Amino acid sequence: LGLGLAVKELHDTFFEEARVDARARLFLGLEPEAILARRDREMRLRSIMASAEGRSKEILVQHGGNGAAAQPSLLKLHGQLVEEAHQVMYPSISREELQQRRQTFGNVKWTEEVMQQLLSYSPLVEVGAGEGQWQAEL
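The sequence shown begins at 913 in this note's numbering and counts up one residue at a time.
These are computed hints drawn from the structure, not numbers from a lab.
Owing to the predicted nature of the structure, the values given are computational and were not obtained by experimental measurement.
Glycine included, each C-beta is placed from N, C-alpha and C at the ideal position.
A couple of the hints might just be wrong.
With beta-carbon atoms standing in for the labels, derived distance ranges [what the hints assert, rightly or not]: (1) Thr1016 / Pro984: 32 to 38 Å; (2) Thr1023 / Ala981: 48 to 54 Å; (3) Gly977 / Val1020: 41 to 47 Å; (4) Leu972 / Ser1004: 34 to 40 Å.
Build out the structure end to end from the sequences listed, making use of the hints.
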């Protein structure tokens, strides 16, 4: 029974990924290379997350199971994990540059062309779209 469930889970996962990839290409116009790059980043992030549990358990063992004593090392591990994830997602910019970019643009950077296109649809209503960077720019 366990093997059958594992095979079903693998089957379902494979076909769900295929459906997601097909939707990404259909709805977002993503090319296969972009989809593969996205999948690679996702797998690398999952690997980082999977390693976190083992690494934190190792730290606890090193401190004799004393969570309070392990706290500084666990905080250091947290910083390392955040940096590893950042390098996967944003390899060409620093965390400080990303923070500045998000303060300026929100989660998605606009171009002047995009702003002009949006203005052609005025009036616009912005609802729950971050911290208002796009609204301020418009």
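Here is how each hint holds up against the structure:
1. The beta-carbon spacing between Thr1016 and Pro984, approximately 34 Å, falls within the hinted interval of 32 to 38 Å.
2. Between Thr1023 and Ala981 the beta carbons are some 51 Å apart, a value that agrees with the proposed interval 48 to 54 Å.
3. Distance hint check: the CB atoms of Gly977 and Val1020 are about 45 Å apart, consistent with the given range 41 to 47 Å.
4. Look at Leu972 against Ser1004: about 35 Å separates their beta carbons, and that is inside 34 to 40 Å.
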